[in-house]
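We have chain A already, so just place chain B on it with the hints.
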Amino acid sequence: MIRCTFALAALTLALGACDAAPSTAPAPAPTPTDAGPAPVQAVPVTSIPGHETLTQDATRKEGPRLMPAETYIRSYLALFGNLAPLEVQTRARGADGSALFDAWNDYLAALGLPDYRVDQPRGNQTNALMMATFERLGVALCDRAVERDLRGTLPLAQRVVFAFDGTPANLTETDFAPRFDVLHRTFLAYPARLAQTDRTRRFFALYQGTVARHRATGAPASRFTPEQAGWATVCYGLLRHPEFHAY
Amino acid sequence: MVRRRSVLASASLAMACAALTPPALAERTLQEYRYFRALSIDLQGRIPSRAEVARFEDPTFDVGQWVDERLRAPAWAERMRTLYMDLLRLEITTAVQFNPQSIVLRRQQILGPDGTPEYVYYRFNQRRSRPETDGDFCLTAAESGVTIDTTGAQRGTPTRVTAATLAARTVLVRPWWLYRDYRAAAPADRFNASAWATRFPNFAPITQLQQEPDGTTVTAAVRVCREEASTAATGTVYFANRPRPATPPFGRIINVPAESAWARTNAGMPLACSGDVAFRSSADCGCGPGLERCMPGANSGTNPPAFTFPTRAPLGPDDPLDQASQAQDDWNLFWWSQEAQRFIEHMVSDDRDFRDVLTARDTWVNGPLATFYKHHAAASCCSASAITLGYTQPEGLFDPARVPSALLPHDTATWTRVADRGPNASGLLTMPAFLVKYGSRRARAHVLYNAFLCRDFVAENVQLAPSTEPDLMRRPGCAACHATLEPLAAYFTRVAENDWTWLPAARFPVMNPMCAGATAAAMSATCRAFYDPAFSSASMGMLRSAYGSAANADAGPIGAARAITQSPEFAACAAENVASAFLGRSLGVDDAPLTSGLSQTFSAGGYRMRALVRAVVLSDAYRNANNLDSDTWRQGASP
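Taken in order, these protein sequences are the chains called A and B.
Quick note: the first sequence uses my numbering, first residue 470, plus one each step.
Quick note: the second sequence uses my numbering, first residue 827, plus one each step.
Isolated chain A (complex conformation) (with noise of 0.2 Å):
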C-alpha cells in the first residue's frame, strides 16, 4: 500500500508537472537535432475518449493469509479423528510399509511453523518445500481416510472424510456432485456451487480419469479400488488446494 501511495505520489507530480503553467517565458523551441519524441499534452483523464465514466477502485485489495502451522496441525489431527499428535504419527506411519508419513519434526519447519530457540521466525509465505509438505501431508491423510472410511464398514455417521458411500461404480456427475460437496465443505467449509469456477465438473473429470486409469488393462497394482483411487485423488485436490491453506 505505502509502495502505491507512492506511485499515485509521482503520477500526481508527474500530472502536476503537465498541467503547470510554465512561470517563466517558454525555453526556446529545441533543434531538430537534440529534439526528443515531442511531448504529450496533459489533459484530464475523463477527456480521454473511453475514460469519461471509469470508476476507479480505491478500494484495499488483500490477498488471503496463510493459515498459522499450528492451525495447520491442529486441523489434520480433527481430520484425523481428533487424534492426539503422535496417535496421528502412528496411525499415518500404519504397518504397511507405505512410507506415506515420517515424522511430526520432519515437517515442522517446512510447514513454517517458528523455531524461537534459534529465532526462526514464522513462515507467512508459501514456498516450494511447504507445498511438497502440503502435498505428502495430503495424500497421508487421504489415503488413511479412505482406508478408515471407503473401506471399513465404518458407519456414515463416524466418518470423518469420507461421509459418503463411495462404493458405486460409474459414476455420473450428478451422483459425484452431493458426495464432492461433503469433501468441499470438510476442507474448504463451504459448498462446492458457491465456488468461482466450475470446480465440481473439474474435479469429476479428476475423479473419472483417475477411475479410468486403474480401470485399464494393465494398470499397475493398486492397493485401492478405481472407485476408491477416485476418491483419494480428489482428496488430495482439495488438500492441496490453496483455499485450504489460506484464508
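There could be a bad hint or two in this list.
Between beta-carbon pairs, the in silico distance windows are [to be verified]: (1) B:T1042 x A:V587: 49 to 57 Å; (2) B:V889 x A:V587: 35 to 43 Å; (3) A:D584 x B:V889: 29 to 37 Å; (4) A:A572 x B:A1269: 28 to 36 Å; (5) A:L555 x B:D1015: 23 to 31 Å; (6) A:L552 x B:A1309: 25 to 33 Å; (7) A:L552 x B:V889: 54 to 62 Å; (8) B:T920 x A:A715: 49 to 57 Å; (9) B:T1240 x A:D584: 21 to 29 Å; (10) B:T920 x A:R662: 49 to 57 Å.
Partial pick of chain A residues on the chain B-facing surface, computed with a CB cut under 7 Å [stated by the list, open to error]: (11) E539; (12) A547; (13) N574; (14) D575; (15) R591; (16) T655; (17) R692; (18) F693.
Covered stretches of chain A, as calculated for chain B (at least 3 residues, CB under 8 Å) [claimed, not checked]: (19) 576-588; (20) 610-619.
Note that these hints are calculated values from the structure, not bench results.
Where is the CB? At the ideal position from N, CA and C, for every residue including glycine.
Leaving out everything else, chain B in the frame of chain A:
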C-alpha cells in the same frame, strides 16, 4: 442385490447431505463462508467441521454470539500465545546450558565387591572432609582403581571395591526420578513407563537411568556418595585449614579445593543447603531427601542425558509432537518456556488486564518448575565475587517459600497458580525464560520496546566518528538510540545478566564507596564483576548498567513494567499486534482509523484481550480480508 445396496447407499447419502445442505432461506455468500472459516481458524485454532458449517448456515445463527462463546473457550488463548511468542520467542536455545555443579549428579561405573559393575552417583567438586577425596569422587584410586580427570572421565582400571568401603563412602537411595513417593521412609511407587505416561505425561527418565550397567537389571535404588546423599536442610561453612599443594596429592588428578578467605572467616556459620554457596562452602550439604535438589545424569559428562520429553511443544506439552532423550539441563529450559507460555495463555483466557503480563506478581508452576524454584534456582548464586561482597544467601525473584509444597517433580501436568512470587516479581520480566533468552540488560530493554511499544531502535543518517566517550547516551552516532535504550536497560541493573539472580540494594548500592576506582586497574577484581570503572570515580563505584538512570536501576523490572504499560503506545501497540496477526499483514497509515479504534476499545475496556480480539474479528477490515479475488471486488463489494 446390487440395486438394493445402491438404494440404501443413496438413502444414506441423502441423509448425510440433508444434514449438511443449508435451508433454502439461509443462502450465505461465499464471503460469509470465508469469514466463518477465518473465525474458526483464528478463534478455534482449526478449520470448522462440517457440523459447524451446517450450524453457521442456520438462519438463526448469530455470529456475535458464536464469537463470544469462542472467546470464553480456551482455544483462542493459544492463538494469542503464539502471537506473543512470535514477538518474544521465549524458548531457549540448547546452546544455553544450566548445569551448575551443585545440581548435576553424574555417575561413575565401578566394580562392586563381587566384581559386578555398579554405578555411583556424585557431584563434581563436592566438598568432603576426607582430604583424599575432597572436591573429587568419593572413592580414591586405591579404593576403586580409578581416578577422575577434570572432564569427569575415568582413568585407570577399575578394581573391586570392598563392601566395607562401599558402606563407608556411599549410600543406597531411592531417588525422585524413579519413585513418586521418594520422600517416604520406604519408597515403593516406582516408575512404570505405561502407567506413568498417563499419571505424569512427559515425565520419563531415560532407559539408562532405569537400569544397572548390565542393561537388563532394573534399578531399585541408586548408590550415591555419602555427602551427596545428605538430607540436611542446613549445613555449615567448611574450612579445611590445610595447604593446597602445587600438584594434586594422594594420586588425584584434580587438586584439592582452594580455601577462600571468606570460608576462613566464616567457618562454622550455618548455611541453607540450597544453592551454590552451600555446595562450594560446606561438606555437610547434599542433594536432600530422595536427591530432590539434584538432577540425574546417565554418564560422567557435564550435561548428561536424563529425561525423555518433547523437544518442542508448539501445541503445548499436552499435545507433544515427539518424545526424545535429552540432556538434564534441557529439562529446566523446556519448563521455563512453558511457564511463560502458560502465563500468557492464562492472562488471555482469564480475561485479565493485559498490562499484568508485565506487571503481575503471580505465575503458574507445575512440578518441574516448583522443583526448579525451590531447589535449583539458587544454584546460580553466588559467585566468588558476590560472596566476597557479602552476598551469600541469594534473594530470588521467586521466593522459594512461596512454591506450592504439594507439587512434586513428576507433576508435569498439574499447574498451580502462585498468587505472589515475591516483592521483586514483575510478570514475564522476572521469569527465567525471559531473563535467559534476553541475557543482556540492553537485550531485555530492546525486546520490551519492540514487542510492547511497537518501536525499534533504528538510527538514520548517523556518522560514527571515532570516540572514547564511554557514555553511549552522549557518544556521537550512538546517542540516537542509546539515549532511550540505556535508561530502559537500567531497569534491569539489579538482575544479573544471563541469569535471574537479584542484586539487592543493601549489598549492591548503585553508588558504592567500597568499590571506588576510576579505572579498571584502580578497582578490585571483585568489584569489577558488578561495578563499572568507566562510570566510577576515585570515591565511588557505579553499579553496571546503572549509568543510564540510577533511579531506574533502583526501580527494577517493576519500574520497567510500569514505564512500558503506562506509555500511551502500549494500548496502540497491542491493538496493532493483534490486528496485524489476525489480518495477516503489516498495518500501514491507511489502517490508522482501525488501529485507533481498536486501541480505544482496548484501553477503555480495561486492557482486556477478549474485548480487543472481539473488536478485531467483528471489524469490517477482518470481515473483508482476503478479498483479492477479482470477481468479488468488481461486483461492488466494499472491503
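Against the structure, the hints come out as follows:
1. B:T1042 x A:V587: 49 to 57 Å: Because 39 Å falls outside the window, the suggested range is violated.
2. B:V889 x A:V587: 35 to 43 Å: holds, 40 Å
3. A:D584 x B:V889: 29 to 37 Å: Between A:D584 and B:V889, where Cβ atoms are some 36 Å apart, the hint holds.
4. A:A572 x B:A1269: 28 to 36 Å: About 34 Å separates the Cβ atoms of A:A572 and B:A1269, which means 28 to 36 Å holds.
5. A:L555 x B:D1015: 23 to 31 Å: At roughly 25 Å between Cβ atoms, B:D1015 and A:L555 fall inside 23 to 31 Å, so the hint holds.
6. A:L552 x B:A1309: 25 to 33 Å: violated, 55 Å
7. A:L552 x B:V889: 54 to 62 Å: Because 30 Å falls outside the window, the suggested range is violated.
8. B:T920 x A:A715: 49 to 57 Å: With a Cβ separation near 33 Å, B:T920 and A:A715 fall outside 49 to 57 Å, so the hint is violated.
9. B:T1240 x A:D584: 21 to 29 Å: holds, 28 Å
10. B:T920 x A:R662: 49 to 57 Å: holds, 52 Å
11. E539: holds, 5 Å
12. A547: holds, 5 Å
13. N574: Holds - the Cβ of A:N574 comes within 7 Å of chain B, reaching about 5 Å at its closest.
14. D575: violated, 10 Å
15. R591: Result: holds, 6 Å to nearest chain B Cβ.
16. T655: With a minimum Cβ separation of about 6 Å from chain B (threshold 7 Å), the hint on A:T655 holds.
17. R692: Violated - the Cβ of A:R692 stays beyond 7 Å from chain B, reaching only about 22 Å at its closest.
18. F693: violated, 18 Å
19. 576-588: Holds, because 8 residues of the region 576-588 of chain A bring their Cβ atoms closer than 8 Å to Cβ atoms of chain B.
20. 610-619: With 0 residues in contact (Cβ-Cβ under 8 Å with chain B), the coverage given for the region 610-619 of chain A is violated.
In summary, the structure is inconsistent with hints 1, 6, 7, 8, 14, 17, 18, 20 from the numbered list given earlier, while agreeing with the others.
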